[in-house]
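Peer 1: Residue-level listing of the chains:
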Amino acid sequence: MKMTKAKRNKLIYNIVTFALVIGAFLILQSMIANKTITRSLKGQLVPICCWIVMAVSLNLVIGISGELSLGHAGFMSVGAYTGAVVSGLLINVYDIQDATLRLVIAIIAGGLLAGLVGAIIGIPVLRLQGDYLAIVTLAFGEIIRNLVNVLYIGTGDGRLYMSFLNKKLPEGIVMLVDGAKGAVKIKPISTFTAGFILVLITLAVVLNLVNSRAGRAIKACRDNRIAAESMGVNVTKYKMMAFVTAAVLAGMAGALYGLNSSTVVPTQFTFNQSINVLVFVVLGGLGNVLGSVISATLLTVLPEVLRAFADYRMLVYAVVLILVMIFTNNPTIRSFVNRLIAPFKKQNKSGGDAQ
Amino acid sequence: MIFLDNLINGLSLGSIYAIIALGYTMVYGIAKMLNFAHGDIIMVGAYIAFCGLQYWGLPPIVAILAAMVVCTILGITIEGLAYRPLRQAASLAVLITAIGMSYLLQNTALMIWGANPKSFPRTFINSSILHIGGLSISSATIYTILANVVIMIALTLFTAKTKMGKAMRCVSEDRGAAELMGINVNRTISVTFAIGSALAAIAGVLLCSSYPILQPTTGSMPGIKAFTAAVFGGIGSIPGAMLGGVLLGVIEIFGKAYISTELGDAIVFAVLIVVLLVKPTGLLGKPVREKV
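As they're listed, the protein sequences go chains A and B.
Residue numbers for the first sequence follow the working numbering, so the first one is 1 and each next one is one higher.
Residue numbers for the second sequence follow the working numbering, so the first one is 1 and each next one is one higher.
Calculated directly from the structure, the hints in this document are not laboratory data.
Among these hints, one or two may not hold up.
To be verified - The calculated lysine to aspartate or glutamate pairs, modelled on DMTMM-like cross-linking and capped at a C-alpha distance of 20 angstroms, are: (1) B:Lys-166 - B:Glu-179; (2) A:Lys-185 - A:Asp-98; (3) B:Lys-161 - B:Glu-173; (4) B:Lys-286 - B:Asp-174; (5) A:Lys-181 - B:Glu-262; (6) A:Lys-181 - B:Asp-265; (7) A:Lys-219 - A:Glu-229; (8) A:Lys-168 - A:Asp-157; (9) A:Lys-168 - B:Glu-262.
To be verified - Simulated restraints, written as ranges between beta carbons of each label pair: (10) A:Ala-19 - B:Glu-262: 45 to 53 angstroms; (11) A:Ile-333 - B:Leu-277: 33 to 41 angstroms; (12) A:Leu-112 - B:Asn-116: 36 to 44 angstroms; (13) B:Val-274 - A:Leu-298: 40 to 48 angstroms; (14) A:Asn-234 - B:Met-181: 40 to 48 angstroms; (15) B:Asn-116 - A:Ile-37: 32 to 40 angstroms; (16) B:Met-181 - A:Ser-335: 28 to 36 angstroms.
Said to hold, decoys possible - Stretches of chain A that chain B covers, calculated by requiring three or more beta carbons in the stretch to come under 8 angstroms of a beta carbon on chain B: (17) 147-154; (18) 317-331.
Beta carbons: idealized from backbone N, C-alpha and C, even for Gly.
Turn these sequences into a full structure, and let the hints guide you.
Peer 2: Here's what the structure looks like:
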């Protein structure tokens, strides 16, 4: 069977993506073994994995599905809180000491609950389009943040206590989630290996989805909703598929992120955090999965390495967002750039499905 | 009595939302874009007025005028530099640019004025409290509601009677046809941004007169809520923005008073979602048919 050129390009793109991620993991592991890794970089490893998963999953919604979601941090917070509560529950009530088992169950639970929230949100939201969808996802992110601010969960006497709005819990129980103080007294159990596996799962899920029949349907809805609909594509179903998949992945990343530190506070998952991930996606290229991985890694490491840059981070991000958008979308500038690079480009070659 | 107090507070907050929402709704109606940076223009206006009053010793009216002038120039500049090159681009690209612009303004303000909250000085706007019966009404409340009514009437007359106002309505109806009729679309959009930004400056001063804490993020939450108000009332409609803003302000204050203080924002956003599900065109909006 002969492969078409487009298919071969896609295969090469996927192999390069996986090879880069696995290669980076092996190098970092050997650095950890040789103890040549710096302390600050070592502390950053799990967050980098989380942000890669966040960026790739948001890219699925923005780049592939073509809808701007501004509430991605909300799903992450659902995952982080669920992860913290489940992990606390497993150790306090069910007395499971195996950290790996707890981590796996917590991540799965985080993903499932975030996916459930994503589905509940998606049903009304995905009926809307464009700017409305953006503002409603933003609103949902804020609502989630508001709700966890008044959530109290604790364990005691072998059961789980939960209250909402007011702290009406019995005395002497162990608090897991304490309102505005966030999830407290988490035992950090996240590991770099777990993060790496989560990144691999994310890449496998997203790349497979993109290159499948469903992925083509999703892209068709993005490019022309009405045309796709008249060809018999169920637009709501496919948009929902992309949205919920992204929510599950974000929830898993959130659980990993939450279990990497001892506390999780609601202010970690504000609108700013959603914008942060949006910058990763835009800078890496809309629809380009490998680009998201690279930009998420670089933009997480850079502020740590360049202290001077850290102060101007958001300012630089803002300028980057504006310039990238103008340079990639203005017809005059685009044709100018195309003319500049035309002599160096023999034929129109595109890596994967970068836009 | 508490009920009336809350109602008046709600009307005052709602009037501020309404003035901000007017800026959103005009820009959305004419340029078909969500100007995310609008909320941050409010913040810039408030800071300019603050500097005028606190550092340069200007009289309040002059400080407000200065804020309006600066915001107008800022609005036109933003439109020309960032949004005009994207006139033909997909709405996703424009929206991301607008978000970038919002962050640019916030972080520039952070560089200039620092992160510490500044307390907005007292002016004639919030200097006295009126006692009517058992009610005590701050003068800021009265000025806010008055300003809202005046702006609303002026804008309605402007769009109905003047040549520029008619041009605006044409552009919002059909940009291509307006161009063919000899209307300068770019200039019309610039004027819309100018008016919206000048209103944002007034809203900024009024907002900080009622809630006198000023920091670089002051404008973002009221901005988002005002957009909610614009959608609530029907985006593109001037009376709709007024109605939506006032209703949203009243809902927010009542929600905070009778349901939960912490959940005030959540209630406002829940209203937005319900409205979009039940009546996506808003209270006074016209349904738009989708063309292939």
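Peer 1: Run every hint past the structure and note whether it holds.
Peer 2: Tested hints:
no. : hint                                      : verdict
1   : B:Lys-166 - B:Glu-179                     : holds (13 angstroms)
2   : A:Lys-185 - A:Asp-98                      : holds (18 angstroms)
3   : B:Lys-161 - B:Glu-173                     : holds (17 angstroms)
4   : B:Lys-286 - B:Asp-174                     : holds (15 angstroms)
5   : A:Lys-181 - B:Glu-262                     : holds (14 angstroms)
6   : A:Lys-181 - B:Asp-265                     : holds (19 angstroms)
7   : A:Lys-219 - A:Glu-229                     : holds (12 angstroms)
8   : A:Lys-168 - A:Asp-157                     : holds (16 angstroms)
9   : A:Lys-168 - B:Glu-262                     : holds (16 angstroms)
10  : A:Ala-19 - B:Glu-262: 45 to 53 angstroms  : holds (49 angstroms)
11  : A:Ile-333 - B:Leu-277: 33 to 41 angstroms : holds (39 angstroms)
12  : A:Leu-112 - B:Asn-116: 36 to 44 angstroms : holds (43 angstroms)
13  : B:Val-274 - A:Leu-298: 40 to 48 angstroms : holds (41 angstroms)
14  : A:Asn-234 - B:Met-181: 40 to 48 angstroms : holds (42 angstroms)
15  : B:Asn-116 - A:Ile-37: 32 to 40 angstroms  : holds (38 angstroms)
16  : B:Met-181 - A:Ser-335: 28 to 36 angstroms : holds (29 angstroms)
17  : 147-154                                   : holds (count 3)
18  : 317-331                                   : holds (count 12)
The structure meets every hint from the earlier list without exception.
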